[in-house]
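Taking the hints into account, I'd like the entire structure generated from these sequences.
These protein sequences, in sequence, are chains B and H.
At position 5 of the first sequence (counting the first as 1) the number is 5 in my numbering, and the numbers step up by one without a gap.
At position 81 of the second sequence (counting the first as 1) the number is 81 in my numbering, and the numbers step up by one without a gap.
No lab work stands behind these hints: they were computed from the structure.
Quick caveat: nothing in here was measured; it's all calculated off a predicted structure.
Hints should not be assumed to be uniformly reliable.
The list treats identical chains as one, so a pair stands whether inside a single copy or across any two.
As the list claims (entries may be wrong) - List time: in silico DSS-like cross-link candidates among lysine-lysine, alpha-carbon distance up to 30 angstroms: (1) LYS76 with LYS36; (2) LYS71 with LYS54; (3) LYS76 with LYS54; (4) LYS47 with LYS21; (5) LYS47 with LYS111; (6) LYS111 with LYS54; (7) LYS21 with LYS54; (8) LYS47 with LYS122; (9) LYS47 with LYS109; (10) LYS24 with LYS47.
Protein chains: 2
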Amino acid sequence: MSSPSATQNTYPYPNEPTWSKSEKAIARTAFDTALKRELQDVMHTTKQMANQVKEPADVWELEHYLTERRKEINRKYDYRYSQLRHVFGRLLYEGRVSEEELRGLSDDKLKSIRSLAELLAKYAD
Amino acid sequence: MSSPSATQNTYPYPNEPTWSKSEKAIARTAFDTALKRELQDVMHTTKQMANQVKEPADVWELEHYLTERRKEINRKYDYRYSQLRHVFGRLLYEGRVSEEELRGLSDDKLKSIRSLAELLAKYAD
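Written as structure tokens, this is what we have:
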């Protein structure tokens, strides 16, 4: 089923930067830490919302919250090297990773991560 | 788009018993009471599950529980007079309405409600 052109379409950026072994380790740690924090936020909010449940509509609101968070987290945490700069750009914008945690990535990667974070901040205003 | 035969298909039981005004009042109260109890169960279980959340998988389990309960409740509580004997048969089987609460319905209705409850009990064994 897969033809050379289909494969090419899967990798639209042939000039992707490579990730060194140490960069991969930094990325993995930053990624996992952010995901862990985000999941802890969800657990915390779930407990809060459940404690405040007073009527049936409140539990369906909790269900909706959980479904949306699950989908958003699945979309956001995409650990493909081709996506990772976008992922970190968004996480940096959201304050879920710090520049400190990304230290050790190449300057060009940090630059594009920062650019995306700034772009998102601009659009969010 | 609707032809006489299509309309006929929508009402496969032309010999549906009628519901008197007092029967409708009894049915409405029993139905609403059962639904209210069931929703209170969901609220109670939600609080319990949320309190016991220790890891991310627990919140997705809660989401799944809520989604399934919402779908089941939507399916089960069908207040069409053509469906109501089936609805009460199931609720009686589940212990969510009592025979006491259905008192005042005609004997033929009570008989078919009891029959369905017994049938469900048999299949559940």
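- Message: When Cα atoms must be at most 30 angstroms apart, do LYS71 and LYS54 count as within-copy, between-copy, both, or neither?
- Response: Classified as both: same-chain Cα gap 26 angstroms, cross-chain 20 angstroms, threshold 30 angstroms.
- Given identical chains, is LYS24 near LYS47, meaning Cα to Cα at most 30 angstroms, within a copy, between copies, both, or neither? neither (34 angstroms within a copy, 40 angstroms between copies)
- Message: One pair to classify: LYS111 and LYS54, alpha carbons no more than 30 angstroms apart. Within, between, both, or neither?
- Response: neither (48 angstroms within a copy, 38 angstroms between copies)
- Query: Is it within a copy, between copies, both, or neither that the alpha carbon of LYS47 lies no farther than 30 angstroms from that of LYS122?
  - Reply: Neither way: LYS47 and LYS122 sit 33 angstroms apart in one copy and 39 angstroms across, limit 30 angstroms.
- If the cutoff is 30 angstroms on CA atoms, where do LYS21 and LYS54 land: within, between, both or neither? Let me know, please. neither (52 angstroms within a copy, 33 angstroms between copies)
- Item | Same-copy or cross-copy closeness of LYS47 to LYS21 [CA-CA at most 30 angstroms] | Result: close neither inside a copy nor across copies, 39 angstroms intra and 45 angstroms inter.
- Is it within, between, both, or neither for LYS76 and LYS54, if the alpha carbons may be no more than 30 angstroms apart? between (32 angstroms within a copy, 23 angstroms between copies)
- Given a CA cutoff of 30 angstroms, do LYS47 and LYS109 count as a within-copy pair, a between-copy pair, both, or neither? For LYS47 and LYS109, the Cα distance exceeds 30 angstroms both inside one copy (38 angstroms) and across copies (44 angstroms).
- Alpha-carbon proximity context of LYS76 and LYS36, limit 30 angstroms: within (13 angstroms within a copy, 38 angstroms between copies)
- Message: Treating 30 angstroms as the Cα threshold, decide for LYS47 and LYS111: within, between, both or neither.
- Response: Neither way: LYS47 and LYS111 sit 38 angstroms apart in one copy and 45 angstroms across, limit 30 angstroms.
Comparing the model with each numbered hint stated earlier shows that hints 4, 5, 6, 7, 8, 9 and 10 do not hold.
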